[in-house]
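Asks: Residues per chain are reported as follows:
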Amino acid sequence: MTLNRRQFLRSSGAVALTVAIAAPWRAGNASTSATANAYLRFDASNRITAILPTSEMGQGTHTGQLMILGEELGVEPSSIAVELPIRPSEPYRLFFGQMRSVGSYGIRAWHDPLRKAAAQARSVLLLAASDRWNVPLQELDAVDGHVVHASTNRRLAFGELVEAALALPLPADPPLRPASERRVTGRALRRVDTPAKVDGTAVFGTDVDVPEMLHGAVRMNPVFGGAVSRYDVDSVADLPGVEQVVPVPNGVVVVADTWWRAKQAADALDIEFGETPNDALDSTRLSDAMREGFDGEVPAVIRRGDAESGLQDASRKIEATYEVPFLTHICMEPIVCTAHTRKDHVELWMPTQGQDIIRMTVERVLGFGNEQMTLHTTYLGGGFGRKTHGEIAEQAMLASRAVGRPVKVMWSREDDIQQGYYRPIMMARLRASLNQQGRITAMHAQLSGPQMGQTFEHITVQNNNDMFSVASLIDQPYTENFALDHRHLDVPMPLSPWRAVSSSQNGYFLEAFLDELAHAANQDPVAFRRAHYANHPRHLAVLNRVAEMARWDRPAPAGRYRGVAVVASYGSVVAQVVTLRMVADQPTVEQVHVAIDCGRAINPDSVEAQMRGSVIEGLAVALRHEVPIADGRAQRSNFHDYAPLRIDELPEIEVGIVDTGAPLGGVGEPGIPPVAPALVNAIFQATGERIRRLPLSRARG
Amino acid sequence: MVTFKLNNNPVQVDVDAGTPLLWVLRDSLKKFGTKYGCGRALCGACTVHLDGAPVRACVVPIEAVADRKVTTIEGLGEGGQHPLQAAWIAADVPQCGYCQSGQIMSAAALLASNPDPRDPEIDVAMRGNICRCGTYDRIRRAIKDAGQRMRAGRSGQATAADPRKSRA
Ligand code: FES
Ligand code: FES
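Protein sequence lines correspond, in order, to chains A and B. So for the first sequence, the numbering used here puts the first residue at 1019; every next one is plus one. So for the second sequence, the numbering used here puts the first residue at 6; every next one is plus one.
With the rest of the complex left out, here is chain B (with noise of 0.2 Å):
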């Protein structure tokens, strides 16, 4: 038996040791906004934070999660509302979408460090994530304009409409 946080609410499961997080969240929990792409760490998108930090949840094993705190895609922003959700709305960034919970989830531990990142920065923090359908360019671009968004929500002054009405 293993409990830990997720999304902020405490949960407790019963599964092999040794089961990564991963099939944890999905077949257990029915988290499925984390995906399996390769099992071995070589594409992010299983990529949740575990204490805030971003992890590769296809080798992290259930053990090393014991009482600590999960977030995934599903816990990043109340009902879709975290900036970058709303960034990569407005950049309208996904293809085939299937890499993306993991790519916003590493965009995310990365603002939290950095809010303004260059290019570079950028590059450092996402290139453990493949995008196959390339959406590379709009991810930059997204990263950015969700660090502007919190910069100036944190000063007081408004942030952007609900993405979701405002269509180009």
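So here's chain A without its partners, still in its complex pose (with noise of 0.2 Å):
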């Protein structure tokens, strides 16, 4: 379809112009610029600055959604400079609402958004160019930062057009490069953020510094929702550098001029917790609490087909329990924030995935309303869930309140692993039963465990059905006779989000069970699955793929166990086969394949380098990662006790991408939900053990 400018006029909407960020706190550009719509902005001097709603914490979506921008509108996308807005607003909200980078969002939830509003700018360019030279627009391409007329020979960088193009109404409706076009998206990109991050440039919250500025460091009440009883301000006040003890919610932060000062002052105060409801929290017996209550009956969340009587019928039926422990995030960057909190406006700076909850935290704290608010989103040393939480900014705000100058509050390792918001612990009751030719027949699945929605402010728990419980379970794929149950435990202790959610641990679940079911069957992990896959084409492809790149087909070589499981999460599939030996008999992984099915790769390199990451990240909270609870308190402090994996420990990873066209699925956590599953059902072939509660340190000791 060729339109004519009258045509193109009339299909656009309504303008929707947001206003212009124009001094991001870091760059210095002044040169006058326009803002095309809430995410591109461009100036005369051939600049284009991208407005980007997802926060850069290691997951590469920056890259991509530059990919995204620029290959519609027709540059190089490392060419495109990258902000973040200063404070959250519709344009950059998706996930309930708010402007949070969660969920594997990034690519997949913002490609359309990004993709029109690329659309909408070159729409505009091309017209100009059309105007001005006065010649048909279809005759014209938008090509490396030039709108071009190929027949002619005629080029014009956008830069002399954006004045032009800017004074006409963007179209609602842009018409979209098709398929054929595509240069830049589905081929590996090298990562924008990557110069910075090896010269030492990059600025992570951490390393926030604004004049005048002090530093704060912590301490709390180890007991979760403790307070502080008394504390001697007389016993710092004489250590050099402190300025001040400001008490926040359960505790206090100590400011001196510079953090290694107010650290020494938080660890030599005189300060008394007191008593607390939740001294005698202790993790042994929660497990104790989570097995009681699979007794009695509760709402099931869903119910399809006949679980119930084809269970009873049933000649054969298998049943097992498996239980997951409470885990933190150890972001390699420390949990910090910078504040400067003035009479009636609040500036802060701060790796955070959650620039909503922030402005909820200013509105709690400061009862700032959003436009006395300026956020500054630095790059994330990891995020992984942890860093959608407010308290660090409310210890920031309420320090610089208090002494009156801009205070950078940062948190030790040890308040991180002690004072973190953990992945809930869960317990799964799983049962089914297998006809005569091995297929499962129904499936009853009961978690006992808290329901980390009900913590939520935004979040309404409706039936028992908490979605930060149930994922990559309540969709399982082997039966259509399935009935999930939810029996909540009340845990008092700060929960989240953590990489992959709820899916981590019910990956784990429903695949070790599906090993289980397979050996009970008397056939092959794969072939049982399969079977089983008849109408799900997805589970298939990577299974086929993971199982190829494998080499299932053969033996694995002497002495070599392995282990399959398939999970989806986030919109993609992902299939792994682990293969280790026993040395001194303890499991050493070997190799990991993976396959993932994650629609178009947008940029494959981010998509494997996820992969790698999210295997080795699984295997060592599978091997051996726990936050036990003892008197209330974490029993984990620092990284020789929560050990990440180390580079001695690294097994030969090997990712395959598979494209099944489906619509774009997240990539940052689906890689971890099957690593776990993978390792104990390989640990089975290697020993005959199942190992049904992780860790495995704990659970072989």
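Hints may contain errors.
To be verified - Cβ pair distances, simulated, as ranges: (1) R1205/A with D72/B: 26 to 32 Å; (2) E1337/A with R45/B: 43 to 49 Å; (3) P125/B with G1204/A: 56 to 62 Å; (4) A1185/A with P120/B: 57 to 63 Å; (5) R45/B with V1251/A: 47 to 53 Å; (6) R1578/A with Q86/B: 20 to 26 Å; (7) Q1156/A with G158/B: 50 to 56 Å; (8) D56/B with M1600/A: 41 to 47 Å.
Unchecked claim - A short, non-exhaustive set of chain B residues, derived as facing chain A with CB atoms under 8 Å: (9) P15; (10) V18; (11) K35; (12) G42; (13) G44; (14) W93; (15) Y103; (16) Q105; (17) M131; (18) G139; (19) T140.
It is worth saying that the hints were derived from the structure and are not from the lab. Please read these numbers as outputs of a predicted model, since none were measured by experiment. Ideal Cβ positions, reconstructed from N, Cα and C, are used throughout, including at glycine.
Given two chains presented individually in distinct reference frames, assemble the corresponding complex, making use of the accompanying hints.
Replies: Pasting the structure below:
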């Protein structure tokens, strides 16, 4: 279809301009600039700036989003500068009406809005050139930051057209480039943030440095939910550099001229926390309570087909109970925020995944509205769900208000691990029946443990269906006769999404159980799953691919044992095969094969990186991560007792990307869920043991 | 008052005795490339060179640095052009990036003594550096590539073009 200019303008909808963010705190670009829409800004010197809705925490989203914008616009993605909005607003909100970098949303949810934003800008640039040259619109293209008229060999840089272009109304429904014109997305592109991350210039939250800034270290009640009963300011008043001790909800911030001095003083402070209702909280007792939770009846979250009578009638019934521990996030960059609280305005610099959570925190703590907040999102040294929370902003704002200067409050690693927001504990009892052919005829899944959604203000848990507890189980692909219920246990601790949220545990429950069913049916675990994937082509595609990569059709080499798992989460499906050998009765993982179907991979190199990182994290978690609780306190403190995998423990990892034509799926999280079940399934092959409780270090000693 | 050389420039700092080098670098000298990760020599995020040898700046008291040479990520190569940094960009190593200064400093010390390391040697030199994002495969690859670039550079062959301009 060709549009003439009149038709084009008629199809243009309302002009949706937002305020240009002309003063990013780090860039100092004073040249005149024009905003195309909420996501793109142009200036006459040919500089294009993207205002991106997602925080960069290592997942590579900025690069992927620039690829989407650059492709549609016709510019080299890495030539586009990146900013984040200085406060959340409508165009940047996609998650429950909030601006948040969660849910592996960065590409899958933002692809269409960003593509459209770039297409809008391209449309008016082409239109301006068509006016200027008096040539038909359809003879023009946007290439490398220029509008090009091929037949007369004319080119004009965007910068020369911007003024005229942006005076035109933006089309509500701009034409999009067809798939045949794709040159950028789908091909590996190096990340735009890499150079700054190898020469030390990338600014993380810890690296914020503003004039007159002081530093804060914290001392908090080690018992969850506790407060402070008394502290003695005099005990630290004479220590060098100390400015003030500022009370905050569950402790104090000690403010000094350097962080080291603040930390020394916080440690030296004479402080008493007193008794709290949670002093006896203990994870062993919580386990008992979860087990008792299975007694009695609760309303089902879902019930499909005929799970009950299916289970009653079957000749072979299998049952197993699994358990997972509390986990913490250990973002490499500790929890940090810099705040400058003034009389009627607060400025914040922080690595946050939850800009609207910070807005809500500002409102709660200071009574300020969104417009009274300026929020500079820095790079995040890891997020994983931990950096959605607001308490660190609260501490920094209160400390700054008390001392009248900007304060950077940073937690130590010990604070981070002991004052976390934990991935909840959970227990699952799974039951299933098999028919004569070894097909699953019915399944009943029961969860017992906290409903994390109940702890979030913006979520209402209805009918016992907590979306933060049931993912990757509620939509299991194995049988039409399925029931799921969840017995809620109140846990008086801060809980949080952790990478892959409930899929992280439900993938383990389901796929470890599947292995038990395959064994009971006397079938090969890959063949058994295949037989159940008739209506699940994506599951089948990744399973077949991973089986091929791992040469599953041949016996494992002598002394090597393999386990497989397939889990759908965040719109993607991931299959993994773990190959291990036993050394002195401990598993040594030698190889992990991964196949992912995430729809079209926008930046395949980022997909690969996320899969590798997920495997490495998933292995550490399955092998040894847990945060036991005793006397109301977290019983872990630093990397010696909560140890990520190190380079000498690295298995060989191979990643295959499968495109079945499915819509875009997430990538940051879906690599996690299959790791633990593939690992425990391999251990069963090696030793005959079923690992029904994670981590392995606890289950096997 | 402690005097030492930081990235070849003499510096003088007036801090409490016992202050770890890490906090002198970050809070007094505003060199933010060196990171805090654990404070207990467990993670390597704070790795710098002291007279050419890798140390964890979070546990080195400032007195121990007096009259010695400290090199941080900012001083490793002219404008980030050390062969390791070029190799890191070519392999697109970082994810969140927070651990990477420490990784590169440990790798630089390794290559200085062993320009052609194999995986087990890399593992020994790098096992003190945690990457919570799991970039280890690319770290290994980049170290080998950098070793090759350095060896090629020494024998007078052309080095790779500016990696920032060449995109895969
Ligand atoms: S901060 Fe020094 S080793 Fe972790
Ligand atoms: S890149 Fe994030 S910790 Fe290494």
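Asks: Now tell me if each hint is right for this structure.
Replies: Now for the hints, and whether the structure bears them out:
{"no.": "1", "hint": "R1205/A with D72/B: 26 to 32 Å", "result": "52 Å, violated"}
{"no.": "2", "hint": "E1337/A with R45/B: 43 to 49 Å", "result": "45 Å, holds"}
{"no.": "3", "hint": "P125/B with G1204/A: 56 to 62 Å", "result": "37 Å, violated"}
{"no.": "4", "hint": "A1185/A with P120/B: 57 to 63 Å", "result": "59 Å, holds"}
{"no.": "5", "hint": "R45/B with V1251/A: 47 to 53 Å", "result": "28 Å, violated"}
{"no.": "6", "hint": "R1578/A with Q86/B: 20 to 26 Å", "result": "44 Å, violated"}
{"no.": "7", "hint": "Q1156/A with G158/B: 50 to 56 Å", "result": "52 Å, holds"}
{"no.": "8", "hint": "D56/B with M1600/A: 41 to 47 Å", "result": "44 Å, holds"}
{"no.": "9", "hint": "P15", "result": "21 Å, violated"}
{"no.": "10", "hint": "V18", "result": "11 Å, violated"}
{"no.": "11", "hint": "K35", "result": "6 Å, holds"}
{"no.": "12", "hint": "G42", "result": "6 Å, holds"}
{"no.": "13", "hint": "G44", "result": "6 Å, holds"}
{"no.": "14", "hint": "W93", "result": "4 Å, holds"}
{"no.": "15", "hint": "Y103", "result": "3 Å, holds"}
{"no.": "16", "hint": "Q105", "result": "5 Å, holds"}
{"no.": "17", "hint": "M131", "result": "5 Å, holds"}
{"no.": "18", "hint": "G139", "result": "3 Å, holds"}
{"no.": "19", "hint": "T140", "result": "7 Å, holds"}
Hint check: violations occur at hints 1, 3, 5, 6, 9 and 10; the rest are consistent with the structure.
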